[in-house]
Each structure stands twice: as C-alpha cells, then as structure tokens.
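Chains as they are written, first to last, in the UniProt record's numbering: chain C, 1 to 282; chain A, 1 to 282; chain W, 1 to 282; chain X, 1 to 282.
Among the hints, a few may not be true.
Copies of the same chain are indistinguishable here, so a pair counts whether it falls within one copy or spans any two.
Unchecked claim - The calculated DMTMM-like cross-link candidates involving lysine to aspartate or glutamate, where the alpha carbons are at most 25 Å apart (straight line), are: (1) 235 <-> 159; (2) 235 <-> 225; (3) 235 <-> 31; (4) 84 <-> 10; (5) 154 <-> 223; (6) 84 <-> 282; (7) 5 <-> 282.
What the hints contain is simulated information worked out from the structure, not anything from laboratory work. These numbers were taken from a predicted model, which means no experiment stands behind them.
What follows is each chain in one-letter form.
Number of protein chains: 4
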Amino acid sequence: MLILKLSCPDQHGIVAKIASYIASHNGNLLEFNQFTNTLDSKFFARVEIDTSSLDVELASFIAGFAVLGESLKAQWHFREAPFKLRTAILVTKTTHCLNEILWRVSENDLPLEITSIIGNRAHCKTIADKEGIPFHHVEMDGELKNTGFEHIAKILRDEHVQLGILARFMQILPNWFCEEFSGKLINIHHSFLPAFIGANPYRQAYNRGVKLIGATCHYVTSDLDAGPIIEQEVKRVLHSHSPQDLMRLGRDCERIALARGIRYHAYDRTIIDGNRAIVFED
Amino acid sequence: MLILKLSCPDQHGIVAKIASYIASHNGNLLEFNQFTNTLDSKFFARVEIDTSSLDVELASFIAGFAVLGESLKAQWHFREAPFKLRTAILVTKTTHCLNEILWRVSENDLPLEITSIIGNRAHCKTIADKEGIPFHHVEMDGELKNTGFEHIAKILRDEHVQLGILARFMQILPNWFCEEFSGKLINIHHSFLPAFIGANPYRQAYNRGVKLIGATCHYVTSDLDAGPIIEQEVKRVLHSHSPQDLMRLGRDCERIALARGIRYHAYDRTIIDGNRAIVFED
Amino acid sequence: MLILKLSCPDQHGIVAKIASYIASHNGNLLEFNQFTNTLDSKFFARVEIDTSSLDVELASFIAGFAVLGESLKAQWHFREAPFKLRTAILVTKTTHCLNEILWRVSENDLPLEITSIIGNRAHCKTIADKEGIPFHHVEMDGELKNTGFEHIAKILRDEHVQLGILARFMQILPNWFCEEFSGKLINIHHSFLPAFIGANPYRQAYNRGVKLIGATCHYVTSDLDAGPIIEQEVKRVLHSHSPQDLMRLGRDCERIALARGIRYHAYDRTIIDGNRAIVFED
Amino acid sequence: MLILKLSCPDQHGIVAKIASYIASHNGNLLEFNQFTNTLDSKFFARVEIDTSSLDVELASFIAGFAVLGESLKAQWHFREAPFKLRTAILVTKTTHCLNEILWRVSENDLPLEITSIIGNRAHCKTIADKEGIPFHHVEMDGELKNTGFEHIAKILRDEHVQLGILARFMQILPNWFCEEFSGKLINIHHSFLPAFIGANPYRQAYNRGVKLIGATCHYVTSDLDAGPIIEQEVKRVLHSHSPQDLMRLGRDCERIALARGIRYHAYDRTIIDGNRAIVFED
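Pulled out of the complex, with its shape left as it was, chain C reads as follows (with noise of 0.2 Å):
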C-alpha cells in the first residue's frame, strides 16, 4: 500500500489527473480525501493506493509521478505501509503524555519506533530502562541550554530520526532548532490554545473560571505556542474543581490530543499549509 500526500494551485482537471496515472498503471485508489481551499485557491489531496496489482515496479510508480507533480506545481510526498517512523520522545519530570504513546506503540495503534527517549531530567529513565529504549539524559539548565539543544539535535541527526515528539518537554526551543527540523517536531499544550499562551496554563484557567479545559497537539514553529495545530481535545470542569483537579483532568485531553495528533501525522494525514494544518481525519 502507498500512501501520497500533494498540495499544489488549484486548477481544473488535477483529481481526474492523479486518479487517471494510478489506473493507468492498474493502482486502485482505497482512499481519496482532497480538499480545495477556495479562499486562497490552493488543493490538498491525500491518497491511498493499493499496489499488489501495478503493472511497474513501484519505485517506476514513484519516479514517473513527477512529470505530472511537476506539471501541477505541486509538493508530493509517497510513503510506502507498512512502515515505522523513526521516533525520538522528548520528556521532563511528566509521564502520562509517554506513558500513553509508548502503549500505543506497543498495540500497534501508532506505527512508531523509538529509538530513544531523551530528558532533561533524569525521571523517565526507569520507564525507558523497563521497556528496555536507550534513555538519553541531557543536562539544560542555566548556561547549559545551548550545548544541551546541540546535543538533542546530534542524537536526532545520529539516530536518524523523523520524528521528534515533545511530551510534555518543559523548555523553550531556540529558532535555529525548530527550523532545522521543522514538520518534524509535534507538541503538547496544556491548553485549548489559544487560550492561556504562556506559564501554567490550569491555574490560569482556574482563575477565569472556565468551563472547559483543553489540550492542543500542534507542529512546532519558532513561533512559541503558535504552530499549525492537529489537533484538540476538551473536558467540562466545575467550579469545585482546584487547579489540582484541572491539571488531573487535563492530562487525559493531553494524553488524547496528542495520542490523535501523532497518529494523523505518522499515517500522513496532516498537510501543513501556512500556520494551519489539513487534517484528513480517518
């Protein structure tokens, strides 16, 4: 199976063009999501295509794509399933954003390796060890934040990794970092952003008295807390609830948001297109 991802300028004729290449090499489309945006004309599409029957070799599938990407201006991106995003996961002092990815992995929900979880402190290190993930402890504080982002980003480059989750990783990444890897960077707010940007963001809700607390997984930009989001999650709180009970019951809208966003992503069903992000949910 093969997945293809393309946003291009609108014009007429570019799902019958698509759809056409793939049948005339006898490729059958499972799944067509496509979405024009009629503000700005822009098209988005993402495809599923079954290829036990195609008549080339896939990677001739692949390579003879391009004269028609080329032809439509587009942006194309083909990944063949089933396959393992090279993953390293981001953490602090918090377990539960970890905790929930490294389940999924193992049932298969989130198709994910890890190759290693990386923390400026030293408190995940016994989950790591148990589930037997190299555990990288990177020192940051004070002077050391800048040898420390250096060092991250050696181990992502060493380890090849494609996708860089911060789970509830509590330090501000400077620009250099988040362009180097940019799209490949998803993050969890503990909040329905945009609402309460910035520190400790339950007290805050818990001070304007809302009625819902919220958790946002969105890319990572040099933007702090502004970077195309994936995804949301929501739960009704009361007014007898403390800013201890927000913070229990925000980690299950973190862990789910981000649990959605991860998946979206890795089965390639996000687009990003400026500061928002297509989502073609499934």
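Fit chains A, W and X to the supplied structure of chain C, relying on the hints for placement.
Chains A, W and X only, in chain C's frame:
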C-alpha cells in the same frame, strides 16, 4: 453547482473515469468524497462540481454521464444547486422538532421549502398559522388509521413532496406507506438506538440508570426503528434527573440530531446501503 | 417551594445551622448543594426547601432566617417558586439566540416573563410582533450611543426588569450601565473565552486553524468579555470549514450555552464570586 | 479526613441531624452531597469531614454515629482517608484496561493497592512482572471453569481483596461468585449498554451502522450486563470505520469509562440503589 451521488461495485479506475469525464467538459471538482467498502467491494462517491465553465449545456453533461454510469453498473443521481426540497413535516403534539426545522429553514441552514405541516392532532396548527404554512389536520385514531395514512399519502403526492420529516410523529407507519416513500422519510427517534426501542424510551433509560441519553435520526423502513441511521446525538445525565428531566434534556438531542440528519440528506450527503447509511459529513 | 442561595466566610457548623433552622420549622430539604472553597475559605450553598408543611408563615420563616444569616456574616437570598423572572432581551440583527429563548420560554424550560425585546436595529421586530411581545427600537449609532443606553436603562427600570439578556447585542456597554445592572445582565460571546476576545472571533478561529470552536455565556461586567463565566459549549470543526461555516456551526454553540446559562441563573443556581461563577448544575 | 456514605428512607431533618452530629463534635464538613429520590422517597448522602479538630477520638466519633444511623433506619459506611483499596485485576488477553489502571495507580489518580493480577490466559504476565505485581494464571477452559472460579474466589479471600476489577475478563461469572463479592466487582463492557448486549458488540455496532460507539462501567450482578451503571463514555464514528477501527476507537472509551468508574467507587462516590447507581461526580 452540481452534486453527483453515485454507488457501484468496486473496480479499478472509477475515480479516474468520473473525474476525467468532468474534466473533459471543463467542470471543476469542488469537493470529492469517496468511500470503498472493502468488506463487500462497494464504491460510493459524492462529488460537487462547479459547472460555470462547462463546455456543454448542463442537461447534455448530465445525460452524457449515462454511458459511464451504465458501464460502471452504478446507481447515480445529479442535483443542481441551489435548490429547495419540497418538504412536508408530520407532527403530533410536541413542537420542539418542528420549531427547530422552521427556524433553520428561515436561517437558510436547511435548503427546504415547507409545503405543509401534517398533524394527527391540531396542536401545531398555531405555529403553522404564524408561519403562514398550510396545516392539514388528519384524524387517524382507532379505525381511522388506514384512511388517515391514505389521506397523508395523497397530500404528499399532490404536493409533489420530495421529503417527509417525522418530527415526533407518534404513529406507526403501515408497510405500504414506508415502501411508497422509501428513502424519502426521515424520523427522529427519542433514544440512542438500538437501545430502548419501543414506547417511553426516557422512562426506560431512567429505569436502567444510564449515564448518557440520546436521539437517533434515521430513514424510515417498514422494520420499525431499524432503518439506516443518519445521525445520533447524546447528552450526559445524572442520577438526580427524573424521567421528566430526561425528556427535557432529550429534546435538545432530538433537535440537534434531526437538524443535522436533514441537512446531510438534503445536501445529498447520504447514501443508503442496505440497513446502513453512508454519510459524508460537512 | 423555596430556593435559598447563600455565601459566607467558611466556619464550622454552617450546614448544621442552616439545615437545623429549616428542620426546626418543619421544612423539608429537597436539594442541598454546597461548595467550600478551601483556597480562600468561602462557603457557598443553594438549598431547595419544600415549604408545604412549614409551621410558620412563609414570610416569617424568611424573616426569621436573618438572625442566622447575620451571625454567619452571610449574603443570602430567598426566592419562592414557581416564579417568572421579568426579562428583557437585547438584540441587534441575528435571531437565533432570540428564537431559542422564546422557544424555551414557551416550553416552560425557562421561568421567564419576556417584558420586551429591545433592538438597536429593527430586524427582530417581526419576531416580536408574531409572539405579541413589545419591541423597542432604540437608535444608538454614533452620537446616539449615550442617549440610547439611557433609553434602554429607562425601559429596564420602567418594566421592573430582573434580567437582561444580551442575545447577540452588538454594542459595547458603558460602565455606568454595567454597574447599575450588575449581576442582572447575561451575555453570549461567540467564542470560547478567553480565546478570540474582540471582533470577528470566527474569522480569528479560522485563521488560527483551531479544531474546536465555542461560545461563552457570562455575566456582564465593565471589563469587556471578562465577566464571570456561567457556561461554555464547544463543537468540533474541520479544516474544510470556511469562516461562514464556523459562524453557522457556532450559532448552535451560542444557543446551547446561552440557554443553559440563563437556566442556571434563573433557578438561582449561580453565585458570583469575584470574577468566577459558582454554578450548581442540574 | 473521613468519608461517610449513607442511605435511608426520606424524612424531615436528616441533613440537620447528620450535620449537627458532626458539628457537635467539632468536625468540619468539606463536601456534602445529597440526593432525595422523590419517586420512591429515598435519601442518599456522601459527606467529607475534616476530623483534624474533632473533640473525641475518631473511633468514638464513628461508633457514636450508630445511634443516629439506627434511628434513621439507615445503611451507612465510614472510611478514613487516605486509604488504599486492596484490589485484584482480572484479565484475559487484552492489556489496555490493565495498563490504564496501573498507570493511574502510579500517578495517584486511583487510591488502590494492586494485590495481584489474575488471568485465565498468561498474556498479561509480562506486564505484571515488569510492575512487580504477583500474577496468578488460573486455567478455566471447559471443564475447569468451576474450579477456576473457586480458585479465584480463594485468591480474593486470601488476599483480603476489597475490589475486583474485570478489566476485559472474558468469562461469564457464576451466580455464587457474583453474590459472594456483591458490590465489590466492577466490569467494563465494550458497548453503550443496554445496546449490543452479548458477544462481539463492535461487530454488532458496525452492522447496525451506529454513529457513536461506547463503553459501560458497571457493578457486576448475576444478571449479565444488567448491573448498576457507574459510568459510560461514547465516541463518534464514521461509516468508513471497519469493525477493527471500532475496536481500536472503543478501547479509548473503555479505558476512560473504567478509570472514572473505579475512581468514583474507590472514593465512595457511588451508592447502589437496586439496579441503578447513585454517583456523586467529582
């Protein structure tokens, strides 16, 4: 704008053929929704086509599709937008579903033209009068049931009704009626089907102590409460809610599920597939 | 039936004292809701009392409570049920919130008597006329703003209005107005506050690419959009929804959040505590 | 801190009597939840008492309550906090519910001490070993069923288990077992009961074409799938979801409903009332 709805046995190249036909006449795809049921090899699609730059007359474009449609062994249907479905609303006493529909029609949320309101009780006549909509009071108690349904069928035929909405119409429909108007009758059932089939579902829900109640919008078939489900809605309830409270809270579920179900149907976003409904959500 | 609402500094024995007072006069507790905020040692309660077997006159029972209330340094309030709050609805052009309120009043979902509808535009006059409710068209564009609000204040005073509902009333209220009717004005804001404060929240939500939109029902204070939140509602949205779609979907959030917020207020289920609202849900 | 749970026939003055008893010994009410079922005149309450300034020994305070409890013809129960319920988890093959419980115990979300994990298959032994929890593999296929349940009962007795969690334990329990551990067994059923009772509920849900699936956490009674419901959770599904997708999505419903249900039970927030459960949510 033209909406095409199509279902056929699955086979290679369907999307390519449909999209190529449209592109070959200079139509532009605005939205393409497709679903392949791999369990029984059926293909379903809904297509929105911008026809402003077609190179043939619309009628020719539609007629010309027949060659392709037949070769695919498809069932298909075109609808030109904007349009208004000629719609009758069947009611008994309660007004909340009726009110919801009338309000949404007035807001242009639902593309309906209400031809008349039909009641086996006179309770809703006041509302019909206020809105300037004809009201038919059809007596159908006891022995009058059969003649009552014959009367209603005559009204639906005479008014060229395309859609009949059972907005809490508390009568069991005879088979012949379900069959004559098959696919054209939408009901709102006041429970989360298939739970609590039958009379007094809110009382049943109270007795069972459920923590969520719901409502189900479905196509009417001769098998009572078993027609294809279009939409469902639920709401959390507490032990402290009496059966009357459940009725009150349930009304909101009913209004929402019915309004969304009608919208999906009216915009041709539903395809009936046996006792299931394919619903391309918007 | 009598509703008692009370708040006071926390101290030992409050519940015992209140419940004993009621029992000593042969009242029966139907519902007792209590919340102790341990962060700032405040006590809040709402009590429903069956007064059918009271051993004194209702007026004496209420008057006699003052001794206890004062000893607790409490603020308290009794309301005899059934009752109807004299209510004015303030509108501009859009009708969905107005319609929702009128429908719920007619269903006895909301214990309100609508004294009048006040509009700074004439759009809603048709609805008012249909329902036989007085409509005041108050011009308040540009220079007329101040005199407009004075006019509205006079109407509220003359009609002995106990509750003013801003049902998508698109005007910023002057401080003096907020203060004169403090605790008696409920607004529906068309976003999930505190996100997207200010103009055009649905456009802001589209631009930010959020995956959920919402609405917030809150008490009006002179600090715009920062009043105590009574209720919030959210709804999932997709990348394919245009700003117009968000407005359409948002209307449902607004109707639901506003209706529930009004209900909580009308049945004395809310207690304002600084910029938060205690809400004893039903 | 002390938790009191009480139910009795409704009568005047119950709250006053209970609260006065507590106040008379200088206890402080932290939380008072009460529900009067007017349909059958029953009174239910849950009280949290700060006992730090009691003027008697805790044991005396508890013992002394008996006079009042008996005069009210009540059933009541005190629990001193903090506490940990001795809990056994019964499993078959699937791990998601087990993992969820273990994770929440480690986060102090659930006040449980897991005494052992009991499996009629060996699949979950790895997890038990990792966490250092004893694992009992009890064979119970075919003829071994009765001796298997006797074995389990012995384990529960020997380990002084206060709560048994059926975390997707795929065995029908014999009546004697349900009765011996009545009120101490919590099950998670993988459907929105009472819909889809019996085998393969996700397949049933697929066939019926429902738009929401769910899970139900309930007390176990000898009447299969009919025990008092503690919590339910639902999730929206699409026509494109296969039965396997429904299982995957359903797992999240199961984890959430089970975790919340256990929490309510463990903190004495539930009172069984016939085949309904009163649940004072937090």
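To see whether the hints hold, each was checked on the structure:
1. 235 <-> 159: Neither, since 37 Å and 37 Å both go past 25 Å.
2. 235 <-> 225: The answer is both: 20 Å in one copy and 22 Å across copies each meet 25 Å.
3. 235 <-> 31: Between copies only: 22 Å across, 32 Å inside.
4. 84 <-> 10: neither (32 Å within a copy, 30 Å between copies)
5. 154 <-> 223: within (23 Å within a copy, 50 Å between copies)
6. 84 <-> 282: within (18 Å within a copy, 32 Å between copies)
7. 5 <-> 282: Intra 15 Å, inter 22 Å, cutoff 25 Å: intra and inter.
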